[in-house]
Structure formats: C-alpha cells, structure tokens
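Chemist: These protein sequences, in sequence, are chains A and B. Take 1 as the starting number for the first sequence in our numbering and just add one per residue. Take 1001 as the starting number for the second sequence in our numbering and just add one per residue.
Be a bit skeptical, because a hint or two may be false.
Said to hold, decoys possible - A partial selection of chain B residues facing chain A, derived with a Cβ cut-off under 10 angstroms:
hint	residue
1	Gln1032
2	Ala1209
3	Ala1214
4	Arg1225
5	Leu1287
6	Ile1294
7	Ser1298
8	Gly1363
9	Glu1365
To be verified - Stretches of chain A that chain B covers, calculated by requiring three or more beta carbons in the stretch to come under 8 angstroms of a beta carbon on chain B:
hint	stretch
10	26 to 40
11	56 to 70
As the list claims (entries may be wrong) - Pairwise CB distance ranges (calculated):
hint	chain 1	residue 1	chain 2	residue 2	range
12	A	Tyr215	B	Glu1062	30 to 38 angstroms
13	B	Ala1209	A	Pro156	28 to 36 angstroms
14	A	Val50	B	Gln1202	22 to 30 angstroms
15	B	Gly1296	A	Arg246	39 to 47 angstroms
16	A	Arg145	B	Glu1062	24 to 32 angstroms
17	B	Pro1332	A	Pro368	40 to 48 angstroms
18	B	Arg1250	A	Asp310	37 to 45 angstroms
To be clear, the hints were calculated from the coordinates, so they are not data collected in a lab. Note that CB positions come from ideal geometry on N, CA and C, so glycine has one too.
What follows is the residue order along each chain.
Number of protein chains: 2
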Amino acid sequence: MLKPLSVEVINFGDELLVGIRENTHLTYLGEQLAHHGVSITRSRVIMDDVDEIKRGFLQAWEHADLVITTGGLGPTADDLTRETIAEVLGVELVFDPEVEATIKDRFAVLNCEMGTHHLKQCYGFKGGEALHNERGTAPGLIYQRGEKFLIMLPGPRHELEPMFEKQVLPRLRLDGRIGEGDAYVQVRTCGLGESAVEQMMQPIIERHAALAVAYCVHYGMVDVRLACRDGSLQLAELKLIAQEARQIFRADFVCFGHCSLAHVVYHELRALDRTLAIAESCTGGSLADAFTDIPGASSVFAGGVVCYTDDVKVTLLGVPESLIKQHGAVSPECAVALASGASERLSANYGLSVTGFAGPDGGNEKNPVGTIHFGYHSPVGVWCKTVHYTGGRLDVKARAVQAALDWMRRKLRKYKLEEFLSAERGR
Amino acid sequence: MLKPLSVEVINFGDELLVGIRENTHLTYLGEQLAHHGVSITRSRVIMDDVDEIKRGFLQAWEHADLVITTGGLGPTADDLTRETIAEVLGVELVFDPEVEATIKDRFAVLNCEMGTHHLKQCYGFKGGEALHNERGTAPGLIYQRGEKFLIMLPGPRHELEPMFEKQVLPRLRLDGRIGEGDAYVQVRTCGLGESAVEQMMQPIIERHAALAVAYCVHYGMVDVRLACRDGSLQLAELKLIAQEARQIFRADFVCFGHCSLAHVVYHELRALDRTLAIAESCTGGSLADAFTDIPGASSVFAGGVVCYTDDVKVTLLGVPESLIKQHGAVSPECAVALASGASERLSANYGLSVTGFAGPDGGNEKNPVGTIHFGYHSPVGVWCKTVHYTGGRLDVKARAVQAALDWMRRKLRKYKLEEFLSAERGR
Chain A
1 MLKPLSVEVI NFGDELLVGI RENTHLTYLG EQLAHHGVSI TRSRVIMDDV
51 DEIKRGFLQA WEHADLVITT GGLGPTADDL TRETIAEVLG VELVFDPEVE
101 ATIKDRFAVL NCEMGTHHLK QCYGFKGGEA LHNERGTAPG LIYQRGEKFL
151 IMLPGPRHEL EPMFEKQVLP RLRLDGRIGE GDAYVQVRTC GLGESAVEQM
201 MQPIIERHAA LAVAYCVHYG MVDVRLACRD GSLQLAELKL IAQEARQIFR
251 ADFVCFGHCS LAHVVYHELR ALDRTLAIAE SCTGGSLADA FTDIPGASSV
301 FAGGVVCYTD DVKVTLLGVP ESLIKQHGAV SPECAVALAS GASERLSANY
351 GLSVTGFAGP DGGNEKNPVG TIHFGYHSPV GVWCKTVHYT GGRLDVKARA
401 VQAALDWMRR KLRKYKLEEF LSAERGR
Chain B
1001 MLKPLSVEVI NFGDELLVGI RENTHLTYLG EQLAHHGVSI TRSRVIMDDV
1051 DEIKRGFLQA WEHADLVITT GGLGPTADDL TRETIAEVLG VELVFDPEVE
1101 ATIKDRFAVL NCEMGTHHLK QCYGFKGGEA LHNERGTAPG LIYQRGEKFL
1151 IMLPGPRHEL EPMFEKQVLP RLRLDGRIGE GDAYVQVRTC GLGESAVEQM
1201 MQPIIERHAA LAVAYCVHYG MVDVRLACRD GSLQLAELKL IAQEARQIFR
1251 ADFVCFGHCS LAHVVYHELR ALDRTLAIAE SCTGGSLADA FTDIPGASSV
1301 FAGGVVCYTD DVKVTLLGVP ESLIKQHGAV SPECAVALAS GASERLSANY
1351 GLSVTGFAGP DGGNEKNPVG TIHFGYHSPV GVWCKTVHYT GGRLDVKARA
1401 VQAALDWMRR KLRKYKLEEF LSAERGR
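Kindly generate the complete structure, drawing on both the sequences and the hints.
Modeler: Set out below in structure tokens:
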C-alpha cells in the first residue's frame, strides 16, 4: 500500500481573490487526484506579492510531500513567482536552451518573433525539469528534493489540464506516488435528501469497516463516493458495494459515475431508438440546452419550442385557445397539451413539457410564483405533475429542469417493457 | 483614508479539496469586499482535521487583521472547527441561551423538536457575539481582539450570503474597517483581446497615477475595473475616467457594471418596445436560455425554436425545403431564412438565428466543425454572418451564444435611429 501523500495546492493570482474568477483549478486537481486515491490536504490562494509568496510557499513546502502550484509563470515583469520560489528553495535558476528552442518554434509557426520578455520563461530550477506546454509558451516545472516534489503548472486552463494529465500524472504514477486508475466508485441518486441517503447507507457502512464514504449534494441529486480508507478493498469490491447501494436506493438510483440526468434519458431513448421533443416556457430553453450538451444528441433529440407567449403555444404547438382561456397557460391541462403538441408538431415519439412561474413576478392565487407543471407524452400514455419551488428565478429554472429530467427517467424505466414493445410495434 | 486591511479567508470543507464543489464562497466574498475597496490578501482551504485547523488558523490569525471563515459550524460531532479555534484563541466557549431560543423557535415553526446535537451550535466565544441566521440553524460568530476581527460564517450559500450582507458588512462599516458603497467602476467590453484593451487603456493610465486597473477575460468579453490606489480619487472621478474609456472603446464598449450581453439587448429592445424570437440549432436552447435568465424577459421575448432536425426547420419555421437541399441546413442562406421564419412564425419584430456544427461530429468540407452562421432579421434589414471556432462542443455553444448577442447589440446600436423610426411607423 502507498503511504498517504500530503498534498498542498497553491493557486497564484489576484483575480481569484477579488471575486473575478472561480478557482476551477482546485476543483480540477482535486477531482483528478481523487480518482487516484489521493486527497488534497490543504490549499491556499496567494496574491502576486513577493513577501506573500515567500511566506505562503515556505509554509506549504514545510508541511507537504507534494506541492502543486498554478499560475505565475507568465512572461511579464510582475510574474515573480519563479524567482521567489527559487530563493525560498535556495536553488539557482538556470537557462534551458531546449525550452528556448521550443518557444522559438512556437512563435515561428505563428509567423512572429519571440519577444525578449519570453526569455524569462526559459529558466528552470537547477536539477529540476521542464514540462512541455503543448498549448502555450510557459513550460511547467518539476523539482524534487529527497521525498518532496514541487510541480509548477501554468495558469490557463487549456494549458494546465493536458500538461497535468499527460505529463504529471504518469510521472507521479511512475514514482509510485499515486496508484493506477480509479480509486473510488460513485453512486448517483436523485429524489432523496442527503440525510436520507446517509441513513440508507448506514447498514452498508457498518458491514465494511474500511469503507470511506463522502456525499455531495447538487440540485436534487446526492452523490455517494465509495473509496477505501486503507487499501484493503480492491476496486472490484467497491463495485460490489456500489451494487448493494443501488439495490437500496431502488428507483432513486440514477447511475454509477457522473452521468447527468439528461444523459441517462438520452441513453434510455437510444436503447429504444426513439426521439424526443420539448416544449418549455419558464425553463426558457435550459431543458433543451441540457440535452444538446450531449455529443450526438441529434440522434434522439428532434428539437424544442420555447413558448414564452400564449400565441406561440397555440400557433406552433397546437394548444387550443379555449384550453388556455379556461385553465390558463400555467396549468396541468396546458402542460399535457404542450407535451402532446411538441411530440406531434416536431414528429417525435416523446414529448416533455414545462410551464410555470419562475418569478420574481407573475403567478396568481392558484399558481403562485414557483409553481411548475410538467407534461409527458409517451407512446404508452400521457401524464402531468405539479411541484412548488421556493428560491430565485435561476434556482427555480435549474430545479425545474432537473425535476423534468428525473421524472422522465423514472417513467422510462418504469414502463421499460411497454415502451420496448411499443417501439417494436412502431417499426 | 482607511488603513488597508489585511484579510484572510479560510474555507473549511473536505468537499472543496476532492473536486466535488467549487469554492464559490471565495469568489462571493472577494467580489463583495472589492465593492468596498478591500482585497482579500490570501485564502486557504482546510480539511476537517483538528491539527490542520489549528495550524492553518494560527497562521491566518497571526498575519491578518480580519479573518473570515466559512463552514464547519454544523451540529454534527465531526464539526470541530468551533472548539479548535477557541483553543487556538485561548478563549472559552460559553452557552448562549438567546441562540438556543432562536433555534428552538425555528424548529417549532417546522413543527419538530430541536435535537440535542444542536445544543453545540448554541456555544459562542466568551466576549464574542452571535450573528443571527435567518435561513438555517447555525449562527455566525464574531470575535474581536484588539484590532483583529474573526468572523465565522455558516457553509450553506443561502445562509452565508444574507448574513454577510445584512450583518457583517454593516458591522465592518460601522467599525470603519471598510468604506461606504462602491469602490470601483467596471467598464465591460466585447470584441477586443485582453492585450488590445490594455494597450488602449495606456494613455488613460498614464494620465492618472493613482488609478488601479484590473482586467478580467470571459468568453469574448474583457472587463476593466477602475479603482483607486490611495483614496485620492473619488467615485465621481472614477466614473469620469470610465467615460473616457468608453469613448476609446467605441462600439466595443458594452456597459458600465455587470450586465450580460443578453441584458444589453433586452434593454435596447425595451427602449424600442419591440419583441424578439430566436431560432437556434447548434446552440440548442442556450441562446433562448440567456434571455430567459432575465427577470421580466417576457416583455420582449416571444420565444424560440430549437430546430435540431431539418424537418423542424421546414415545418415550424417555414424554411423552404429546396433551400436546405441546395445550400444545406448549415449555411448563411439557411441562417437568414431561420431568422426571418422565427420573426414571422412567432410574431416578433426581430429574429435572431444560429446554425452550425458544434462538434465533435458533423461538419463537411465547406463547413468544418466549429463553423457557425448567424442570421438577423430586423425591421430595417436582414443580415448574416459566419464565424469559425476551435474548441470543444460546450465551448463552441457558449461562444456562439455570446457572438450572436454581441452582433445583435452592435446592430441595434448602429441602426438606433432607423429602428426607432421604424418602431414609430409600426405603431
């Protein structure tokens, strides 16, 4: 078993401290390392200031086996990170002609001269190594002292990520610092609260002392990550435990891994070789958007109508004017008519609809702000469903999209056999 | 002038270190404080471990005037943050009967009993104060020693944010730690690269020695934040400088502040009292989504069609089949037909369309993956435009949405007079 690594991530960059940008690097590195069974022990963000860099880096280097930094490797005069860290380490910066050649080549391809300020980027730690940057000029740096590792990565995301995956991870694996492949199994649920999921996991946790369980909640979904505390459980055993969990969660089980609800619905539809159309008012295109994020979505997704006015509901989707007059555009009746209209007018086998008041204005006594009606038209039946949400407009939109997808997912799985037979008949 | 505060933010929570969640609290606090002229000096994320909390908190407390923590105030046994910090501070935890009464009231409203594990949350630092939590059980904590401040906030976002805005900011203002109101002015641009914006700002920067300028790039937009280094420039002067910048950026100037491109288009349309309809294929609903994120969008937005198949383009939007046969669905010709079709079929004054190949598959020799055609139908004319993007599917979608909105924004401003007159005629 590997000795657990103590890892500290340092992100350089003032923009992270003044609310301009979110620290996506930390999330990315955390997820990448978690897949290899390593947790980041701590992390800090340091502004571009020599004293701050000195103190922060020294504290990190003293307490961690592996320090990973991001940013601060640019060519401008105020990027002093490299120089300051060399000073703290007490190591010389040496010119690397290979790096210079690479940067020159890069500029030659772009048909321009390498500026002298880029010469700075050709310096690395004496005894260290440079990491090739396939997407930019700043090379990464690796420096090892005894058991300790320092890895410095460039700030832009599209430079950092391939460098980390293609060069850093293989290197850490080779040195035995991280394990091979996946170190955890994720079970995704939808429809249960976090504490309910925790309670349902209790009997499983009690049976497996070496099991480490982490929970993550996002928009109605609760993820359960199963890992091993001490290396005594193999991946195959974790997968068996995940199967136990799946049985316990029943219909609230979504998938193993990271599939979105739209992905799950997409896979079910592909298996049936059938298509879907959407009609949405208050979700305003975000339900269609969730589908079209999937590469190859066009194989199941015919399209959608964002029907923000009654007129569009009537003209494009064939909802009877009298129905809207009698029940209103925000009603279960209209939701059903929208779903059937979408299926029919866009020539798709299934229709899914959302109509409601996302707020902050709108709503009436019967349907206050936050009231959402869903409609579902399938070859085996037509359904509607109503929910009430609190929260701001964007929250309501996002939750309604998740709820629509989760509802369709359940219906598809529940009527799997009927759907399959109807699909057969439909050929 | 206020003495510049040294501020450290500590986020407690393992989920931030294993790639489960992004550190939105840091972004939020950074932005809030930046509005009051204060920058966060440094920040760290600490896992739920007594030794880690001790060392991390001590380092922060030694070097900062103001330490803000988030998370770790929950009722469960493994939330040891409060106890550990009290130990480092050498201060006693004392029971606060007022907090207990508030938590009990909260449970009474929900018709349930307060569990004994919540008693933990009734303890605060001796000599400190509790911050009322209007959205949850965990109160925040304030502790002052000499000139130093410690502020502990609960982890859930909807609890933290109102607490910070309604209680912490007024308190810091009262104590003279932060200034009143906005400390910077933001100029938003679109269509220029970061280095071009920097160059164009040079003459202005040279004229105003006390000006502090920060840049932020996101999806084709570059924001310029103008603040003052030393308190010698008032907000009114910053606003004048921002006006100078606006003149320099000409048509690439989007707005002062944080309006999205969709917002700017929305405001222009409201001013004209006219409506918009959208037809989109490869952006798959995200263009409509950008509009419907705006509260009150229904006053200008009629709706949209996500036309993922040729059939939908023909049936719902009236694109001639022969046109698609001759030029293909991904063509400038089809983009124009889609925009006009959207405007006509959804009874809107304007039509905006996007058709292209977002990838990873699709594309042909003439229109490789990343080719996007835009169409625009207005009361004063019809236009089309083509761009080529590199990058992944989601990137292409997001960039195409921004480009469509920026294009419409420019057109609306360019033909403002004509549009206004046509609007008058249209009445």
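Chemist: If a hint holds in the structure, say so; if it doesn't, say that too.
Modeler: Going through the hints against the structure:
1. Gln1032: holds (7 angstroms)
2. Ala1209: violated (17 angstroms)
3. Ala1214: Hint on Ala1214(B): holds, closest Cβ of chain A at ~7 angstroms, below 10 angstroms.
4. Arg1225: It holds, given that the least Cβ distance between Arg1225(B) and chain A is near 8 angstroms, below 10 angstroms.
5. Leu1287: holds (7 angstroms)
6. Ile1294: holds (9 angstroms)
7. Ser1298: Hint holds; Ser1298(B) Cβ to chain A Cβ min 5 angstroms, cut 10 angstroms.
8. Gly1363: violated (13 angstroms)
9. Glu1365: violated (20 angstroms)
10. 26 to 40: It holds: at least three residues are needed, and the stretch 26 to 40 of chain A offers 11 whose Cβ sits within less than 8 angstroms of chain B.
11. 56 to 70: holds (count 3)
12. Tyr215(A) <-> Glu1062(B): 30 to 38 angstroms: holds (34 angstroms)
13. Ala1209(B) <-> Pro156(A): 28 to 36 angstroms: holds (31 angstroms)
14. Val50(A) <-> Gln1202(B): 22 to 30 angstroms: For Val50(A) and Gln1202(B) the Cβ distance comes to about 25 angstroms; the hint holds.
15. Gly1296(B) <-> Arg246(A): 39 to 47 angstroms: holds (44 angstroms)
16. Arg145(A) <-> Glu1062(B): 24 to 32 angstroms: Since Arg145(A) and Glu1062(B) have Cβ atoms about 27 angstroms apart, the given range 24 to 32 angstroms holds.
17. Pro1332(B) <-> Pro368(A): 40 to 48 angstroms: The hinted range 40 to 48 angstroms holds for Pro1332(B) and Pro368(A), with Cβ atoms some 46 angstroms apart.
18. Arg1250(B) <-> Asp310(A): 37 to 45 angstroms: holds (41 angstroms)
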